[in-house]
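These are the residues of each chain, in order.
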Amino acid sequence: MKSSTSAPVEASAPAIRERETVWRPLRKQGTKLGSNLAGALEAVWSNRLRSLLTTLGIIIGIAAVIAVITLAQGANAYFTARFSQLGTTVLTVQPGSSSSGGASNGAGSSPSLSANDVQALVNLPHVLGVSPVILSGGVIAYSNTNWLTGVEGVSSAYQSLDNWQVVEGSWWSQSDEQIGLPVIVLGQTVVKNTFGLTGTNPIGQTVRWGRSLYRVVGVLAQRGSVGGNDQDDIAFVPYTNVMRLFSAKGPVPLDRILVQADSVNNVSQVQQEATLAMEQTHHIAPGGQNDFTVSTPQQLIDQENQSNAALEDLLIGLAAISLVVGGIGIMNIMLVSVTERTREIGLRAAVGAQPSDIRNQFLVEALILCTIGGCVAVPFGLGGAYLLTHQFGFPFVPSVLAILLAIGVAAVVGIGFGLYPAARASRLDPIVALRSE
Amino acid sequence: MNTNVIISIRDLVKVYRVGETSVPALRGVSLEVRRNEFVAIMGPSGSGKSTLMNLIGCLDRPTQGHYRLVGEPVEEMDARQLAVIRNRHIGFVFQTFNLLPRATALKNVALPLVYAGVGREEREERAFAVLAQVGLANRVYHRPSQLSGGQLQRIAIARALINQPALLLADEPTGNLDSRTSAEILATFRYLHQRGMTIVLVTHDPAIAANAQRRIELHDGRIVRDEQAGSELALVQAPPASLESLAGAGVASQAREEEAL
Numbered sequence: 001m002k003s004s005t006s007a008p009v010e011a012s013a014p015a016i017r018e019r020e021t022v023w024r025p026l027r028k029q030g031t032k033l034g035s036n037l038a039g040a041l042e043a044v045w046s047n048r049l050r051s052l053l054t055t056l057g058i059i060i061g062i063a064a065v066i067a068v069i070t071l072a073q074g075a076n077a078y079f080t081a082r083f084s085q086l087g088t089t090v091l092t093v094q095p096g097s098s099s100s101g102g103a104s105n106g107a108g109s110s111p112s113l114s115a116n117d118v119q120a121l122v123n124l125p126h127v128l129g130v131s132p133v134i135l136s137g138g139v140i141a142y143s144n145t146n147w148l149t150g151v152e153g154v155s156s157a158y159q160s161l162d163n164w165q166v167v168e169g170s171w172w173s174q175s176d177e178q179i180g181l182p183v184i185v186l187g188q189t190v191v192k193n194t195f196g197l198t199g200t201n202p203i204g205q206t207v208r209w210g211r212s213l214y215r216v217v218g219v220l221a222q223r224g225s226v227g228g229n230d231q232d233d234i235a236f237v238p239y240t241n242v243m244r245l246f247s248a249k250g251p252v253p254l255d256r257i258l259v260q261a262d263s264v265n266n267v268s269q270v271q272q273e274a275t276l277a278m279e280q281t282h283h284i285a286p287g288g289q290n291d292f293t294v295s296t297p298q299q300l301i302d303q304e305n306q307s308n309a310a311l312e313d314l315l316i317g318l319a320a321i322s323l324v325v326g327g328i329g330i331m332n333i334m335l336v337s338v339t340e341r342t343r344e345i346g347l348r349a350a351v352g353a354q355p356s357d358i359r360n361q362f363l364v365e366a367l368i369l370c371t372i373g374g375c376v377a378v379p380f381g382l383g384g385a386y387l388l389t390h391q392f393g394f395p396f397v398p399s400v401l402a403i404l405l406a407i408g409v410a411a412v413v414g415i416g417f418g419l420y421p422a423a424r425a426s427r428l429d430p431i432v433a434l435r436s437e
Numbered sequence: 001m002n003t004n005v006i007i008s009i010r011d012l013v014k015v016y017r018v019g020e021t022s023v024p025a026l027r028g029v030s031l032e033v034r035r036n037e038f039v040a041i042m043g044p045s046g047s048g049k050s051t052l053m054n055l056i057g058c059l060d061r062p063t064q065g066h067y068r069l070v071g072e073p074v075e076e077m078d079a080r081q082l083a084v085i086r087n088r089h090i091g092f093v094f095q096t097f098n099l100l101p102r103a104t105a106l107k108n109v110a111l112p113l114v115y116a117g118v119g120r121e122e123r124e125e126r127a128f129a130v131l132a133q134v135g136l137a138n139r140v141y142h143r144p145s146q147l148s149g150g151q152l153q154r155i156a157i158a159r160a161l162i163n164q165p166a167l168l169l170a171d172e173p174t175g176n177l178d179s180r181t182s183a184e185i186l187a188t189f190r191y192l193h194q195r196g197m198t199i200v201l202v203t204h205d206p207a208i209a210a211n212a213q214r215r216i217e218l219h220d221g222r223i224v225r226d227e228q229a230g231s232e233l234a235l236v237q238a239p240p241a242s243l244e245s246l247a248g249a250g251v252a253s254q255a256r257e258e259e260a261l
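Chains as they are written, first to last, in the numbering used here: chain Z, 1 to 437; chain U, 1 to 261.
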């Protein structure tokens, strides 16, 4: 209650009645924070160079945080795009087990898939199509031009499994496949680089892959590239042909088998049945250690992202170390600042600053210092992320959330490491503080 | 309770502990200062006058004894409550001015209002008014490094007055000033007193103390003399025009206390 009427005042102090200034009652507002902010900015600005050097650790740490998050998001976008082309109904069977505690280093490393597995999977209920995949590659030659590309041995069902459009000719038929006919379907990039020069229609032409000749039966529609990977730099041949080609060195293992369920609702049922069928052909008791893995598209995406986690862990470790070092730097400079301004603290206390006001003043200063450092780090973090994503062929996906999160981390570091100096300032004895030089 | 008593001190004892030994700085001081008194506290160094000033200024707590400032039992308060008391009732003027070097005169003067929770607009409005009253209306946006000693001390006085304190507490306010500027500052104090302000001035210099109406001398932690000056103390005949409305501060603080009772 500070509002006062002036009548009783004048009665009790008649000697000073004339010419008095009548103050309005004090309007209370929560303005200490605003005042703290202004003061903190002023303090940071008046020690510009020192502030910059102090926040270097924070800048590096926050830049690393932003780079990691952006890189992770790029990787995620890349793998999501890559596997979503398979469609949500396509299961992938890979050799090796992924059940070894998250670190799926076994997957794809042991040759355990064979043509028998394909036969076992084809006849399962709710299965639309099955295609083995044998990864290979080599030079495709036509006339006197040649082009190094990836060649995959697949089945006729692969076209619909992997959503390929054929613009000229057609995919080979099932009967072609059964007899292992040497036919080939070419991607746009391969066509451009082998037939582009002469302008010949590739359909019906004969190309050479390795030592064998193949008749071109189909040309695929252009797909473009995902994350810097040219999707059209590819050629497909019947897997039966590839198996025969390489059979001199014993049975040819399949790299993976794709299984398409008839609807999204049946994916998990097909996954279970495929697992059971595979266990039978592999003579593994139910619940035993499988030498293969049946994964949904989402599981594949998760798997790939997991293998990127190591790099991300490294960067996060770097960020954490840098943030701790940066935080210690902030603490150090705040302690210096408290010592330098001991008299100011004493004065503020004398005119009515609560210990909590003094504490908040220095906390806000540490907070401002770190938040500015965080903001400075944003372009560096994004730049680093840009270079890294390019290096890995991932799309560059900067996100506002990541930036805000990183600046939030900076603020937390500021408060965390500013707390001790601020508490020390607030505990100063005003008399001692006022007397200090 | 007599509301005209600003300072009421009974048997105040302050003992400092230095390692194992106890150093008594005040050995039982009793003192009453009424509204609109102008008191000088004198004594050589080591007499306890700084200790007494710190206690009166609510910067420190006594070892023993009682102290009421405008009726409030200060000896029982914690650091937080003392800060409120200092903010509300005491205006400090220091020998070394103690202004914030990077802040403008306006910001310096408005500082106590920050801790009183007053909004920026009103803070600046009132700081303007008080600066104008001490004759520094044209130095509002200057920083301390751009101003003379006398101007700095006038800013400090403006800062002390902005909260309309019950007590103006000055610690060797002319210690860093030349004699002409000192006279100016002392005239300001006399004028404020004449306008109703209660002032306690701590000094070692009898010539400075001569400006006060009442002189208290400390020696070895005890009051050895407490005398009223005779009527020989001349009133300020023609106060500087710029100081004319300063009295308002004293009036308002009195009103506030009466309201609180």
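Since the hints were derived computationally from the structure, they do not count as laboratory data.
Misleading hints may appear alongside valid ones.
The list that follows gives simulated cross-link-like pairs (lysine to aspartate or glutamate, DMTMM-like), each with its CA atoms no further than 20 Å apart [as the list claims (entries may be wrong)]:
1. Z:192 x Z:233
2. Z:32 x U:37
3. Z:32 x Z:42
4. Z:192 x Z:230
5. Z:32 x Z:357
6. Z:32 x U:124
7. Z:192 x Z:255
8. Z:192 x Z:168
9. Z:32 x U:122
10. Z:32 x U:125
Checked hints:
1. Z:192 x Z:233: holds, 10 Å
2. Z:32 x U:37: With a Cα-Cα distance of about 34 Å, the restraint between residue 32 (chain Z) and residue 37 (chain U) is violated, given a limit of 20 Å.
3. Z:32 x Z:42: Distance of about 15 Å is within 20 Å: holds.
4. Z:192 x Z:230: holds, 13 Å
5. Z:32 x Z:357: Holds, at roughly 8 Å.
6. Z:32 x U:124: holds, 14 Å
7. Z:192 x Z:255: It is violated: about 28 Å lies between the C-alpha atoms, which goes past 20 Å.
8. Z:192 x Z:168: Since the Cα atoms of residue 192 (chain Z) and residue 168 (chain Z) sit roughly 14 Å apart, the hinted pair holds (cutoff 20 Å).
9. Z:32 x U:122: Satisfied, since the Cα-Cα distance of roughly 14 Å is no more than 20 Å.
10. Z:32 x U:125: holds, 17 Å
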